[in-house]
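Chemist: Each chain is listed here by its residues.
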Amino acid sequence: MENKRTNDLINSLCADCSPAKKFMPIWVSALLILGASLFYCYSCIAVLYGYGNEALNLLQSLFAQADILTAFVLAVTAITLTLKSAIPGQEHLAKLGVKISAVGIAALFALNATLSNWVITKESFIPTTNCFLEVALFAALPIAFTFYLLKKAAPTDLKNTGRLAVLGIMFIGYIATRLSCSTEANTGSFLTHVAPLVLYAGLGGVIGKRILKW
Amino acid sequence: MAELPLEELMHQAQQGNNSAYRKLLNACLPIIYKIVRQKVSNENVVEDVVQEVLVSLHQARHTYDPQKPFKPWLYSICRFRTVDALRKIYRTKDDIYTEDLSGEIEDGKKNVTDSIEDNELVNKMMNDLPEKQRNILLLMKVEGLTAAEVSVKTGMSISAVKVSAHRAMKSLKDKWGKHYGK
Numbered sequence: 001m002e003n004k005r006t007n008d009l010i011n012s013l014c015a016d017c018s019p020a021k022k023f024m025p026i027w028v029s030a031l032l033i034l035g036a037s038l039f040y041c042y043s044c045i046a047v048l049y050g051y052g053n054e055a056l057n058l059l060q061s062l063f064a065q066a067d068i069l070t071a072f073v074l075a076v077t078a079i080t081l082t083l084k085s086a087i088p089g090q091e092h093l094a095k096l097g098v099k100i101s102a103v104g105i106a107a108l109f110a111l112n113a114t115l116s117n118w119v120i121t122k123e124s125f126i127p128t129t130n131c132f133l134e135v136a137l138f139a140a141l142p143i144a145f146t147f148y149l150l151k152k153a154a155p156t157d158l159k160n161t162g163r164l165a166v167l168g169i170m171f172i173g174y175i176a177t178r179l180s181c182s183t184e185a186n187t188g189s190f191l192t193h194v195a196p197l198v199l200y201a202g203l204g205g206v207i208g209k210r211i212l213k214w
Numbered sequence: 001m002a003e004l005p006l007e008e009l010m011h012q013a014q015q016g017n018n019s020a021y022r023k024l025l026n027a028c029l030p031i032i033y034k035i036v037r038q039k040v041s042n043e044n045v046v047e048d049v050v051q052e053v054l055v056s057l058h059q060a061r062h063t064y065d066p067q068k069p070f071k072p073w074l075y076s077i078c079r080f081r082t083v084d085a086l087r088k089i090y091r092t093k094d095d096i097y098t099e100d101l102s103g104e105i106e107d108g109k110k111n112v113t114d115s116i117e118d119n120e121l122v123n124k125m126m127n128d129l130p131e132k133q134r135n136i137l138l139l140m141k142v143e144g145l146t147a148a149e150v151s152v153k154t155g156m157s158i159s160a161v162k163v164s165a166h167r168a169m170k171s172l173k174d175k176w177g178k179h180y181g182k
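In order, the protein sequence lines correspond to chains A and B.
Under my numbering, think of the first position of the first sequence as 1, with each following residue one higher.
Under my numbering, think of the first position of the second sequence as 1, with each following residue one higher.
The following block holds chain A by itself, in its conformation from the complex (with noise of 0.2 angstroms):
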């Protein structure tokens, strides 16, 4: 049984009827998050370490390309999986994104205790604080343009899409601090660029229920 006030709403909601603004397809959204962050990173690494940084030599070690290309394909996988779960109907993306990139962290696992000169001494225990803070600094400005970008959309598993948007731009932030981190891989700086990845994704999803919202 519909009530006046419903019925007036309808009214006035038709009344409103103007075309709709585009919407902005995944595909574009996707690439400037893309673009954004890595040329973020890159102006941040150009800042702290100067153009010549010796860590680019890593480059030439398969353990860095293997890295480095696991972290970019998580991380497009993650922001895609984001944009696209923003939409109504299509939420259960978001909680899949997170999933993978669970999967995607215990990948970095794998690879950094395979491919690398595994280097374990009492000092590969201590975490440093820089690389917990530096991942955070590469992906601050990405991670408030990703959220601007979703707050366009009309999101409806708000902490998920947060979670799921703060992996997608950490990934690349993991890869900034990779390059930016030239030792060669430990226990104690794999622990402190992939623990960050985990800790502010959940941050993420309490921050994605406040801001999110519409």
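Quick caveat, the hints were computed from the structure, so don't treat them as lab data.
This one's a predicted model, so the numbers in the text were calculated from it and none came from an experiment.
Every residue gets a Cβ at the ideal spot worked out from N, C-alpha and C, and that includes glycine.
The hints are all genuine.
Derived, one-sided and incomplete: chain A residues facing chain B with beta-carbon distance under 8 angstroms: (1) 3; (2) 17; (3) 19; (4) 20; (5) 153.
Calculated lysine to any residue pairs in the SDA-like style (CA-CA distance at most 20 angstroms, straight line): (6) 151/A x 207/A; (7) 151/A x 58/B; (8) 88/B x 45/B; (9) 88/B x 160/B; (10) 151/A x 61/B; (11) 4/A x 46/B; (12) 22/A x 32/A; (13) 84/A x 65/B; (14) 124/B x 138/B; (15) 21/A x 20/B; (16) 23/B x 14/A; (17) 4/A x 29/B; (18) 23/B x 7/A; (19) 132/B x 172/B; (20) 151/A x 76/B; (21) 213/A x 62/B; (22) 21/A x 214/A; (23) 68/B x 15/B; (24) 124/B x 179/B; (25) 209/A x 88/B; (26) 152/A x 65/B; (27) 95/A x 207/A; (28) 213/A x 83/B; (29) 39/B x 76/B; (30) 4/A x 58/B; (31) 68/B x 26/A; (32) 151/A x 84/B; (33) 4/A x 54/B; (34) 4/A x 42/B; (35) 71/B x 59/B; (36) 213/A x 52/B; (37) 213/A x 89/B; (38) 213/A x 203/A; (39) 84/A x 56/B; (40) 153/B x 135/B.
Dock chain B against chain A, hints included.
Modeler: Showing chain B alone in chain A's frame:
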């Protein structure tokens, strides 16, 4: 003239066609009511949630892809707003239970000691309550147990205890009001 499918109506509405939009909203209304009523029983709250869904549909209409089915898109918005409303209800209901119950305790004490007639009326009203509600009310009001303690004693969840207590108090209040013509 054959009715257009919802997908086509929505596509036309996205292009600014008022009459298509009106047809679409009227066609969606029974669907929205059905989904909301599955989770929400209070009719006033149902109306509020239905209106929020309509507004959300309006705000999010630019996100709908005409190549895809319309109903999953609509269901998702309905579920989102319904869950939102339920969260608000459960958050505020805790306060309502605490306020209502403490208020009723004071009123009840004052009224019961006023006259034998009132005392007998309260006893009759308590006996008319369903057994579960009566037991919970006696445990909380007479024996002074908290909702958590009642939940342990009865094996019910704390929220079920609170819901039962609230319904019992409401029922007593309504009967009291009817008796005294309020």
